[in-house]
Amino acid sequence: MHLCRLYFAVAASGFRRYATYRVATAAGVFTNTVFGFILAYTFIALWHERPQLGGYDQAQALTFVWTGQALLATAALMGGGFQEEFHERVRTGDVAIDLYRPLDLQLWWLASDLGRAGFHLLGRGIAPLVAGALVFDLALPRSPLVWLLFLVSVLLGVVVSFAVRYLFALSGFWLLDSTGAIALSTLLSVFFSGMLMPLNVFPGGFGELARTLPWAAMLQVPADVLLGARQGAQVATGLGFQACWALVLLGAGRLLQAVATRKVVVQGG
Amino acid sequence: MADGPDGTAAGPLRVAEGPAEAEGTAAGERAGGRAGVLAEGRPGPGARALWGVRAWGFTVAMWVRSTMVYRTSFLIMLVVGFVTTFLDFVAIMIMFSHVRALGGFALPEVAFLYGTSSVAFGLADLLLGQFERIGRRVRDGTMDVLLTRPVPVLAQVAADRFALRRLGRILQGALVLGWALWRLELDWTLWRALLTASMVLCGAVIFGCVFVVGGAFQFWAQDATEVQSAFTYGGTTLLQYPPTVFGKELVRGVTYVVPLAFVNWLPALRVLGRDDPLGLPGWVDFAAPAVALLCCALTGLAWRAGLRAYRSTGS
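Protein sequences appear in the order of chains A and B.
Quick note on our numbering: the first sequence kicks off at 311 and runs consecutively.
Quick note on our numbering: the second sequence kicks off at 20 and runs consecutively.
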């Protein structure tokens, strides 16, 4: 119970930390909205040539664009989460201090990243989606239940995103300079989350593969829940898919963390 | 103005001993200190510009050497940069696996737009991309260091943490452009070749101006660095697609307000033999060099205004 409160406090401080920079948040909303407009126009041209491409109609395709912009910061799809800071602590040896705290390293960072994601969903998610809905005809659900399921799906997506980034960031224990690994992680998440193009438009077997990878849990599944491409039992399988990846990857993170902390050598010692 | 080739040749070697990122600022400070010794006397405006270019050269050489100490890291970042921008083009190829034309433009034509936009933006990003960092320098007060050195601040900011890995983007854009030129099977007259070359060069200048104006803007809006990305990264993404895809208001905006349409849209329409959606007079397609010059002049004013508005921290 006591530990629960502690992790909650960590999450709350993560939220407050990002909430401090209001001008930066407004700037981010502006940039997300500009990119949303650019992508929306290209998608309109594409769906004009091929209506029903990937099973979406034009309104659903546009909803996908704006959901993507709303979740860009929330699920840290282009980086910008905890990983740079964590990497820096590993590189400088400060991680040794984190390790002798009476807390779990992975859960600490998870709590802090969830706090950040919570703020980014409110601060950087709502405004672009509203801007998109004002200008374009979007396929947003009427039922509050669908919105609730969408929020659950976003939460699971953020956990999967965290678990993947944590694995990449742990490489710092071996590489010392994990800048390259973090860049690789960002590159994979931009492409395989569907940020550039929805995964159901990816051709053939490559598309099928992309839809089973963990990055599909970060944007594609939540977006499909919101825009109604997944309904009824398909929502349940989608959430199950996300939960499975979350458990597997968090587990892998724990294993790797155990190996990493055993080999930790603080500079000078 | 004194010259000191011996001093500058020895400098980067010593600097290169420190870890690239961590000791970087200290290394920059040392190089700047030496530059101060070199720039004694009061040079005229021409000599001052020349001195700015030379100082830029010294600092860039120092950063390149310090990057090369971690060669593997550099190669990884180069490849990652190449692949990251290449995936943008993969997304376009996925689009064209479903359709034959987008906004009436076939894949080689879109690749032509993509290549010219990417190479022009890549050049600007390599040479002036560091202007994104001004907001951070203003926040932590290290902008003061640049102001105390007898080197034009513009040259110092441009050379600060010069990132050679950005060649990856230029290389990727050049490959796509080469493929497009091969597939387009245009009738290559002299003016077409000149117009294409001028698209890349004038485009780089226009994008460079966007970077510098964005940097000047950060003197006022310190935390709002990300607004700049909407015009730089957003601009290059916009120009990778045909203008017919976008609403007329948007096309007008990037023609008259932020003159990005002169980077590649207007000249490219002429090279490809296409009609201009805004119906502007024909000579506009050749106006990019004049627009680039005008941008430079306005950027110079904006930069000076920004620098004058700078208030240091702590008081």
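Derived from the structure by calculation, the hints contain no laboratory data.
None of these values were measured; they are calculated from a predicted model.
Using N, Cα and C, we set each Cβ at its ideal position, and we do this for glycine too.
One or more hints might be untrue.
What the hints assert, rightly or not - Here are some chain A residues pointing at chain B (derived, C-beta under 8 Å):
#, residue
1, Arg327
2, Tyr331
3, Ala337
4, Tyr351
5, Ala355
6, Asp414
7, Leu417
8, Trp418
9, Gly490
10, Phe501
11, Phe512
To be verified - A few chain B positions that, by computed beta-carbon distances, are all more than 12 Å from chain A:
#, residue
12, Val109
13, Leu186
14, Gly254
15, Gly298
Now the hints, each set against the structure:
1. Arg327: Violated. Min distance 14 Å.
2. Tyr331: For Tyr331(A), the interface hint holds, since the closest Cβ of chain B sits about 6 Å away, which is under 8 Å.
3. Ala337: holds (4 Å)
4. Tyr351: holds (5 Å)
5. Ala355: holds (4 Å)
6. Asp414: This hint is violated: Asp414(A) lies away from chain B, its Cβ roughly 29 Å from the closest one there, beyond 8 Å.
7. Leu417: violated (29 Å)
8. Trp418: violated (25 Å)
9. Gly490: Hint on Gly490(A): holds, closest Cβ of chain B at ~4 Å, below 8 Å.
10. Phe501: Hint holds; Phe501(A) Cβ to chain B Cβ min 5 Å, cut 8 Å.
11. Phe512: holds (6 Å)
12. Val109: Per Cβ check, Val109(B) is inside 12 Å of chain A; nearest 7 Å; violated.
13. Leu186: holds (15 Å)
14. Gly254: The claim breaks: Gly254(B) does not keep its Cβ more than 12 Å from every Cβ of chain A (closest is about 9 Å).
15. Gly298: It holds; Gly298(B) is separated from chain A by about 20 Å at its closest Cβ, greater than 12 Å.
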